[in-house]
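Asks: This is what each chain is made of:
There are 4 protein chains.
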Amino acid sequence: MSDLNYKSWNEECAVVGVYNIQDASNIAYYSLFAMQHRGQEASGISTSDNKKLFITKNKGLVTEVFNKEILCNLKGNNAIGHNRYATAGEDSSADAQPVFANYDLGQVAIVHNGNITNAKEIKDELIKEGAIFQSHMDTEVLIHLIAKSKQQTLTDRLKETIPKLKGAFCFIILSRTKMFVIRDRNAFRPLSLGEITNKDGTKGYIVASETCAFDLVGATHIRDVEAGEMLVFDKQKIQSHIIMQEDPYPCVFEYVYFARPDSKVFGRLVYDIRKSMGMELAKENPVDADIVIPVPDSGVAAALGYSKQSGIPFELGIIRNHYVGRTFIEPTQEIRELKVRLKLNPIKEIIKDKKIIVIDDSIVRGTTSKQIVKILRDCGAKEIHMKISSPPTISPCYYGVDTPTKSELISANMSNDEVCKYIGANSLSFLSLEGLKNSIGDGNYKFCQACFDGKYIV
Amino acid sequence: MSDLNYKSWNEECAVVGVYNIQDASNIAYYSLFAMQHRGQEASGISTSDNKKLFITKNKGLVTEVFNKEILCNLKGNNAIGHNRYATAGEDSSADAQPVFANYDLGQVAIVHNGNITNAKEIKDELIKEGAIFQSHMDTEVLIHLIAKSKQQTLTDRLKETIPKLKGAFCFIILSRTKMFVIRDRNAFRPLSLGEITNKDGTKGYIVASETCAFDLVGATHIRDVEAGEMLVFDKQKIQSHIIMQEDPYPCVFEYVYFARPDSKVFGRLVYDIRKSMGMELAKENPVDADIVIPVPDSGVAAALGYSKQSGIPFELGIIRNHYVGRTFIEPTQEIRELKVRLKLNPIKEIIKDKKIIVIDDSIVRGTTSKQIVKILRDCGAKEIHMKISSPPTISPCYYGVDTPTKSELISANMSNDEVCKYIGANSLSFLSLEGLKNSIGDGNYKFCQACFDGKYIV
Amino acid sequence: MSDLNYKSWNEECAVVGVYNIQDASNIAYYSLFAMQHRGQEASGISTSDNKKLFITKNKGLVTEVFNKEILCNLKGNNAIGHNRYATAGEDSSADAQPVFANYDLGQVAIVHNGNITNAKEIKDELIKEGAIFQSHMDTEVLIHLIAKSKQQTLTDRLKETIPKLKGAFCFIILSRTKMFVIRDRNAFRPLSLGEITNKDGTKGYIVASETCAFDLVGATHIRDVEAGEMLVFDKQKIQSHIIMQEDPYPCVFEYVYFARPDSKVFGRLVYDIRKSMGMELAKENPVDADIVIPVPDSGVAAALGYSKQSGIPFELGIIRNHYVGRTFIEPTQEIRELKVRLKLNPIKEIIKDKKIIVIDDSIVRGTTSKQIVKILRDCGAKEIHMKISSPPTISPCYYGVDTPTKSELISANMSNDEVCKYIGANSLSFLSLEGLKNSIGDGNYKFCQACFDGKYIV
Amino acid sequence: MSDLNYKSWNEECAVVGVYNIQDASNIAYYSLFAMQHRGQEASGISTSDNKKLFITKNKGLVTEVFNKEILCNLKGNNAIGHNRYATAGEDSSADAQPVFANYDLGQVAIVHNGNITNAKEIKDELIKEGAIFQSHMDTEVLIHLIAKSKQQTLTDRLKETIPKLKGAFCFIILSRTKMFVIRDRNAFRPLSLGEITNKDGTKGYIVASETCAFDLVGATHIRDVEAGEMLVFDKQKIQSHIIMQEDPYPCVFEYVYFARPDSKVFGRLVYDIRKSMGMELAKENPVDADIVIPVPDSGVAAALGYSKQSGIPFELGIIRNHYVGRTFIEPTQEIRELKVRLKLNPIKEIIKDKKIIVIDDSIVRGTTSKQIVKILRDCGAKEIHMKISSPPTISPCYYGVDTPTKSELISANMSNDEVCKYIGANSLSFLSLEGLKNSIGDGNYKFCQACFDGKYIV
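Residue numbers (full-length UniProt numbering), protein chains in the order written: chain A, 1 to 458; chain B, 1 to 458; chain C, 1 to 458; chain D, 1 to 458.
Simulated from the structure, these hints should not be mistaken for laboratory data. Watch out, some of these pointers could steer you wrong.
[Unchecked claim] Part of the chain B face toward chain C, derived, beta carbon under 8 Å:
#, residue
1, Pro261
2, Asp288
3, Val300
4, Gln309
5, Pro313
6, Ile319
7, Asn321
8, Asn345
9, Cys397
10, Asp417
11, Glu418
[To be verified] Covered by chain A, according to a simulated footprint, are these stretches of chain D (three or more residues, beta-carbon under 8 Å):
#, segment
12, 150-159
13, 307-321
[Unchecked claim] Taking lysine-lysine pairs in the BS3-like style, the calculated list, with each CA pair at most 25 Å apart, reads:
#, chain 1, residue 1, chain 2, residue 2
14, B, Lys374, C, Lys352
15, B, Lys308, C, Lys199
16, A, Lys75, B, Lys308
17, D, Lys59, C, Lys120
18, A, Lys123, B, Lys68
19, C, Lys199, C, Lys164
20, D, Lys59, C, Lys148
21, C, Lys148, C, Lys123
22, D, Lys51, C, Lys148
23, D, Lys159, C, Lys68
24, C, Lys178, D, Lys59
25, B, Lys68, C, Lys343
Don't be surprised by glycine CBs; every beta carbon is placed ideally from N, CA and C.
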């Protein structure tokens, strides 16, 4: 996808929870750093020292929001953290997480990713009953529900209220002494559990959106949190409650684009699956060409797979400049058309006079693909065959991915031939739904692929 | 007071409301700038363009929080603003104002100064009913009350709920098309109404804690908002509702210390009253001396009055360095005892061998006075007579002033002689309660002076 | 002067030198902080630990340029420092001091204030001989001269080269083990010597533009550096060399405006002299009026003197807002004419219907005075008598003060009556040259007053 | 090399010159952005509008030093720019480029990369003659020489003085109306010439260290600047002068590590050569293995080549986190040993139980290689064969590369077997000098490879 327009398709937020590990804020910090790719708009950490909660959140990258002093002030052995890729909002600074609240049972801080599909209805109902909402985050809905519940304990309140929420979500909730981890009934979004052995021999736990966080902090991946499961961490033990029961339909787009290739998501290594997608793509869409090149970094693994399957040599024909930040000065009129080159520079010597297969993970609006084809043409490519390692994206996502509306999705509005013409390629092919299934190679392929087939689970 | 320890006695917050003036955010900005002395911790502005609300708030001085671009994005002709001097809190960044909320009637933004004395009870009650509180600010209490009210309009809801609040407060509330301005039943905190004639001949309005804001933006002071009054601004008209009726007891400490000398507060010029206080002090406490010097800047007006009354020459014997900011590096051990000199430098040539009357506005903990006496002694003063232009501060304030607890108020725990000995002066005298009354010279002296006499209105 | 246009008349730079005092960088830092009023554009400190030199300099206030870590890295017991008020230049960031250089005898760092009147000639000569200049600072001239000198020691080189320089200057030069302090032959700019007794009983020394620096760091003022004197500090001793001999003609404008009132300059307390100027002004220019008010802060001492002499009451009729910083957002068209009010707010209740004497220290272009008269008129003043506690400024300064050119000096181009009409006052009077002399009251009045009489010493 | 310790081996600085292109500062900015990999410590641009020079330089990345306003103030159609990777120095902020100077012919600004090997001697000589040096940059040497030259024009002075300089260097010099571009006699460092056709049909020119800059701004690569050539750009024409004549010996390390893979350096595409190096490495050092993985990003191209030649599958077995910045918080003791993981995360699922060939471009101190081997071992690698796509680095570079001293170069002090043991690999092999030559495949292989064979050209 390699989208130059960061706003067009928001990456998933990242969540992390740490329980009973010394200097929990540090562990949360490194975990969020490892998952920076899931959200660069804002970052926050809340900790508890079993007596009270501490919180710091702000706009910016993890490394910008925190410093030694701030982490040091986030006291305690339990922590939760969040990376956010904000959607538009009047005051997006108010939308950083964790969300903190005082309520009748004390204090809570909550982080959350995904999307609660019935949030608006519940919110409207709550507002009708006199509730107030101070941000644009669905997280507030849950806090209201638990605050209004008549159950005696937070555990019971969560058991009662969480099942009322529909959609894709992971919640990590910190009270003064406990931590609660919840994954939605369909397990749309990934959430894994790891452990660390403390120096004193006790066990510490970490829960994170992606296992790459475990690698960085030296934790061992135990298992994923289950669909509909709530884990309750307290000093004595971890308890597992299945509070909702439905079939899991994890989001296949995590494999396509979101997750880091070095993460194990839904029990499988992302890198492997992306390679398989490339291999399937090669089987389905053979074409005579001189080289296979990826759109970096999103298309690299699939391109390696395509090359392996097809025998056509893999080349790094486009180089990515990693110094592009959010403060970059927009090019003036004179060089505006070269905007894509700020990030991606094709190597003319590799491209020239070649028949080229270009691999990207997906096409959203088509504008970036169009620009990529153009810069390759300018380099003298003889033929450009754009191959996408996933099916055409034809439906928006309602489960936490900030996709454009249907009217903006190019494949929802044009045939493949039209898209091909629009982007200017010699040919364009997508992986088939069957091919996608084969790539994952699971006998019991059960994924949410609504963005590709329009069939929403809920 | 000239307190080096900024945390010991928080200045009052500043509020401003602007209605029907082009680029309202600019007017709010300059008004907040004029009232920067009432709070330097955080600043915020919310505007409405009759369609929706915009908000920006952050830590820092007015000139640090805002820039041209930010002001420009705060669209519309209505605005409210706030300067905050934070009290301690886990996450004080969450405590900036305005507070924004979505509720059943739409959107509101609220700014607020003062202190709601029954906030905790109402809050506890609300929490019991399932409400959640996301900050440490009493402002949330009002939002909950209006959200829960069954009245049909915001006007009616405010009429219903505001009278439930006790204490000292000013509220300015912005909805998408209206602005509401409310002053508590005892009119503890100052709040004045001004007007501007727009270019097109229409009237624009501004409400602010101090009239110095009007001077800067070129508005005319019309009158003060009345005790228990609610002003409702909408496109057609301004309506006044008296929603609570009690005798006004404005805070006398505004005259003593808080307000800028060039503001008219409670109908009287602060500078005049401070001079009168100094004159009364001279009548009550004559002493043979060579010169009268103020502790700058807080004691200047009273010292001028003392000099005028006593005939003893006024001298600027202590010079204040105005470059002291919040980022100042703490002195090392070697020069720590000179800490007070970072801000205040006595002029040895003026002080030496003189009998000196030093005028300050009040004594809180006594530590600063002690340091001032010491640096004057070091300059060779023959006698140091510390004279305070208000009575001894013996009781904490519950109406919006973040005073130390009683145990920290030196005059609540020591006799005048003991305080005099502690600070090391040759003599120490305070203005009497009678003298304070005379200074204000009002036939019907009715002020809250609980900090001086312990008699709380409510 | 209270100039809103900071660029119109640059304040003098500040210099400080510290020798044999532990953590010399801290002492330099506090000294520069005390002298911040002499330059706010840039600040720098260089230290030596007897082995090598360290340096940090940057744009901004002292408190912005330095922090604990930076001061800590400026190792050693000797230090020099500088506050700069930059003149216009292509790359003013290159113009911060100290200036550092490697030359044939090793390393030096130099700070310098004032103005070398023959710098251009020497520079042209040096350039003709092949020298290069990397900044706009005259300091480079001296470094070139000492680098080219054939003398064996830096002491001898300074003895040889300094006398070639004309004009007003103070130099403080740090080598790896020594510190050199030089004042020009006419002692135009102030430079005082102080001492501190170290814990181990040894003496430490400090040299600074103003004695207010000594007050802050707890040093004792010993004496001023003499006209044409060079002090050489080394481990064993301080040596004094008179390297140039001429009559001293210190700059009288230090008394009028530059120096802090709490500094002793040229052996006299600035505050005292300013008061005398006000008294002389009252003798020379009596007028019937109700009150005397100063333009704060520059006119306060003179206004006190005027009031004392005339018996007309002193009032703080204009309040200054000290939060004005360099980042202030310019007012929009709507309130542009109120620009002066950002800094100065007149108190209407004091001004209205009064005959007012306004005291300022000087008039440069007349634009600020005009604005002040206007805002006082707007407050309803009956009569406004502008009285200036110095003679008309008719000639530019060539000795370190960045005055406007003659064509911009209003009194150089208009009669007093014309100036009075321009600024809109009822009357305008200046202190006479005779009155200036009397204010300083020195039997042997010998000051450079070229800005007032056009008679340049050199 | 993928060095975690940024200080161990400084990347080369980048230089750019722009002549006769509208908004030259923008072109310089984008060019420096494209060459950010050659220096991240400081950045600067100087421009001329044919009347005078403008300059801005500061610490930080290109995107941090400049913004729209700054670029806008850098007026004119000619510009030079520089990215710097600083060596240690007392005041490295003084060491940013361009260096600006006034001298007898007017104003110049100079940028420079590389290293003048006889700088110290010339500098000592100049100092003996009375010159002063204000920074640690060799650039000052050239300015002194041209300032002292007796030739009438800058062109003639450069012709006279440049040949006195030895070593590796590129200079770009801006005067008010001309630009001069010079490459050393051995053409050690790359420097290419490109052109842009302006809207009005005139030609504009750009000179840059790497051609990737041309790609970004849409310029066409014409040719490289020749060894010993000086190009003089003025309004009428470009003139070429060969001012020194010797055989070119370009730096082979540009191919090994410095240059971006998408740059054409010394007439050849870097990516191609790196692939060839990998292929040669495979021919020289076959080993039985399951996969070939690169150390990203430096080893990717060579690993592709190795895989191609050997037929052993290429895998991205280590993922690089590109969010690592200079402000990263150092890990606490608990996870310190995982430091390398902040940047590099191995994929356990790919590594486990495999025989692995790891490709990196070079080994300097060996510490990073040791850490990489360790994290691969921790993933369960069966065998780890470290293969380096260049010969052992045994000698420091004197031509502009800030290499460690010989005592720090592990291969200068240990045999291959010892190094292999130190880093903990199963085997370690380097490309031979012969293999290096073959990779470049040039019949007339003439490169400086002193770092590999110790034979210095000069």
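Asks: If a hint holds in the structure, say so; if it does not, say that too.
Replies: Hints, one by one, checked against the model:
For the restraint placing B/Pro261 at the interface with chain C, the shortest Cβ-Cβ distance is roughly 6 Å, inside the 8 Å limit, so the hint holds. Hint status for B/Asp288: violated, given a least beta-carbon distance of 20 Å to chain C, over 8 Å. About 6 Å separates the beta-carbon of B/Val300 from the nearest beta-carbon of chain C, less than 8 Å, and the hint is met. The interface hint given for B/Gln309 is broken, as the beta carbon of that residue sits about 12 Å from the closest beta carbon of chain C, more than 8 Å.
The interface hint given for B/Pro313 holds, since its Cβ lies 7 Å from the closest Cβ of chain C, which is under the 8 Å cut-off. At about 4 Å, the closest approach between the beta carbon of B/Ile319 and any beta carbon in chain C falls short of 8 Å, and the interface hint on this residue holds. Hint status for B/Asn321 relative to chain C: holds, with the closest Cβ pair at about 7 Å, below 8 Å. With its C-beta approaching chain C no nearer than about 5 Å, B/Asn345 sits inside the 8 Å limit, and its interface hint holds.
A cut of 8 Å between beta carbons decides the hint on B/Cys397: the least distance to chain C is about 25 Å, and the hint is violated. Checking B/Asp417 against chain C: minimum C-beta separation of about 31 Å lies over 8 Å; hint violated. Because the smallest distance between the Cβ of B/Glu418 and any Cβ of chain C comes to about 30 Å, over 8 Å, the interface hint for this residue is violated. Given a C-beta distance limit of less than 8 Å, the hint that chain A covers the segment 150-159 of chain D is violated, as 0 residues qualify and 3 are needed.
Note: the segment 307-321 of chain D has 7 residues with beta-carbon separation from chain A under 8 Å; the three-residue rule is met and the coverage holds. Simply put, B/Lys374 and C/Lys352 have alpha-carbon atoms about 41 Å apart, too far for the 25 Å limit, and the pair is violated. With a C-alpha separation of about 47 Å, the suggested pair B/Lys308 and C/Lys199 falls outside the 25 Å cut-off, and the hint is violated. For the hint linking A/Lys75 to B/Lys308, the alpha-carbon distance of about 57 Å lies beyond 25 Å, and the restraint is violated.
Between D/Lys59 and C/Lys120 the CA atoms are separated by roughly 32 Å; this puts the pair beyond 25 Å, and the hint is violated. Among the hinted pairs, A/Lys123 with B/Lys68 is inconsistent with the structure: their alpha-carbon atoms are about 36 Å apart, more than 25 Å. Distance hint between C/Lys199 and C/Lys164 is unfulfilled; the C-alpha atoms sit about 41 Å from each other, more than 25 Å. Distance restraint check for D/Lys59 and C/Lys148: the Cα-Cα separation of roughly 33 Å exceeds the 25 Å cut-off, and the hinted pair is therefore not satisfied.
Of the supplied pair hints, the one linking C/Lys148 and C/Lys123 holds, its CA atoms being roughly 13 Å apart against a limit of 25 Å. Restraint check for D/Lys51 and C/Lys148: not satisfied, since their Cα atoms lie roughly 32 Å apart, outside the 25 Å limit. With a C-alpha separation of about 49 Å, the suggested pairing of D/Lys159 with C/Lys68 is violated against the 25 Å cut-off. Taken as a hint, the C/Lys178 and D/Lys59 pair is broken in the structure, with Cα atoms around 31 Å apart against an allowance of 25 Å.
Restraint check for B/Lys68 and C/Lys343: the C-alpha separation of about 19 Å stays at or below 25 Å, so the hint holds.
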